[in-house]
Amino acid sequence: MNRTILVILTFLVQLSPAFSQTKIIDMHIHSYSEADFGEREPPSDSYGKKGAANAEIHRIETFAALDKFNIVKAVVSGNPESVEEWAAKDSTDRVIRGILIFSPDDYGMDSVKFEQMVIDKKIEVFGEVGAYYSGTTLSDSIWQPYLRICEKYDIPVAVHTGGGDPGGTYSWAPKARLKLGDPYLIEDVLVNYPKLRIYLMHNGGEEWHEHTLRLMAYYPQLYTDIAVMLWVEPNTQRTVTEFLKNAKHAGYLDRVMFGSDQMVWPYAIEKSIHFLNSLDFLTEQDKEGIFYDNAVRFLRLKE
1 MNRTILVILT
11 FLVQLSPAFS
21 QTKIIDMHIH
31 SYSEADFGER
41 EPPSDSYGKK
51 GAANAEIHRI
61 ETFAALDKFN
71 IVKAVVSGNP
81 ESVEEWAAKD
91 STDRVIRGIL
101 IFSPDDYGMD
111 SVKFEQMVID
121 KKIEVFGEVG
131 AYYSGTTLSD
141 SIWQPYLRIC
151 EKYDIPVAVH
161 TGGGDPGGTY
171 SWAPKARLKL
181 GDPYLIEDVL
191 VNYPKLRIYL
201 MHNGGEEWHE
211 HTLRLMAYYP
221 QLYTDIAVML
231 WVEPNTQRTV
241 TEFLKNAKHA
251 GYLDRVMFGS
261 DQMVWPYAIE
271 KSIHFLNSLD
281 FLTEQDKEGI
291 FYDNAVRFLR
301 LKE
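Residue 1 is where the sequence shown starts when you use the numbering used here, and the numbers rise one by one after that.
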């Protein structure tokens, strides 16, 4: 065989594990309208990368990333209008409708309106629930009417865990406190709603990823995503690596799901995929599970 061809083939074989998965489900995507675009995020991320110029460019760039990486389903949370716009412009039926909600009365919401949106399939996943940012936890009484409806209609719940926007307490989320991101604070929800499908967003974050593993041990119905941890800054990448090693050792990788949490930075989708693929202690089967299989099971999708 020609030596040049052999070198090229060897190089391609070395590259192939990074692009081996055929399908991806992103459990954590954000949508925006112009009215709320960039109001919660800083001008640049921790690497100095600026976000998309506006909400429409952000949607177009995010859709391009979904196409590029064969992301066949994406749980999209944002204000209800933006989620509906994304679903309407999604010709491939990838969008799973979520809702970004910090307080139970956001968007003029109450349990009656919420139930009707569930019936109308305007909400297919309840989340991202950012109770942390409003100074509450999902175990608080104000959230229980929503959880009862989710259990009644078998709607999955996605709850923010871990920390949040650095400095956000001084601006848009004055009631946010780091201690409220501890996954242990939702244990009552797991006890009171044993049939509820729930996943912890950010796997407890840098602070409480070990608490996430403990909860997964006690509550076999509990799943988690690793969104934002894969890309947002080096320390989250360090701690999610530790979490994934421990989850594999404990036998819980089959309940870990991929997410990007791209916020206003669509490039974060690619960055997240590449980082997860770079972890050589994960087998190809492990990665397939995280990227796709575990979410199919959790969401009860038909292949």
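Wrong hints could be hidden among the right ones.
[Claimed, not checked] The following label-pair restraints were derived from C-beta to C-beta distances:
(1) G251 to E34: 22 to 32 Å
(2) S44 to P174: 21 to 31 Å
(3) R214 to K152: 40 to 50 Å
[What the hints assert, rightly or not] Straight line, CA to CA, 35 Å or less: simulated DSBU-like cross-link-like pairs of lysine-lysine:
(4) K248 to K302
(5) K195 to K49
(6) K49 to K113
(7) K195 to K175
(8) K122 to K302
(9) K89 to K179
(10) K50 to K68
(11) K50 to K89
No lab work stands behind these hints, which were simulated from the structure alone. Each residue gets a CB set at the ideal place from its N, CA and C atoms; glycine is no exception.
A quick look at each hint next to the structure:
Between G251 and E34 the CB atoms are about 46 Å apart, so this pair departs from the stated range of 22 to 32 Å. In this structure the supplied range 21 to 31 Å holds for S44 paired with P174, their Cβ-Cβ distance being about 23 Å. At roughly 29 Å, the beta carbons of R214 and K152 sit outside the given window of 40 to 50 Å. Restraint check for K248 and K302: the C-alpha separation of about 26 Å stays at or below 35 Å, so the hint holds.
The suggested pairing of K195 with K49 is violated, with an alpha-carbon distance near 41 Å, which exceeds 35 Å. Distance restraint check for K49 and K113: the Cα-Cα separation of roughly 38 Å exceeds the 35 Å cut-off, and the hinted pair is therefore not satisfied. The hinted pair formed by K195 and K175 meets the criterion: a straight-line CA distance of about 31 Å does not exceed 35 Å. As the CA atoms of K122 and K302 are separated by approximately 20 Å, the hinted pair is consistent with the 35 Å bound.
Between K89 and K179 the CA atoms are separated by roughly 39 Å; this puts the pair beyond 35 Å, and the hint is violated. Under the criterion of a C-alpha separation no larger than 35 Å, the hint pairing K50 with K68 is consistent with the structure, at around 21 Å. For the hint linking K50 to K89, the alpha-carbon distance of about 25 Å falls within 35 Å, and the restraint holds.
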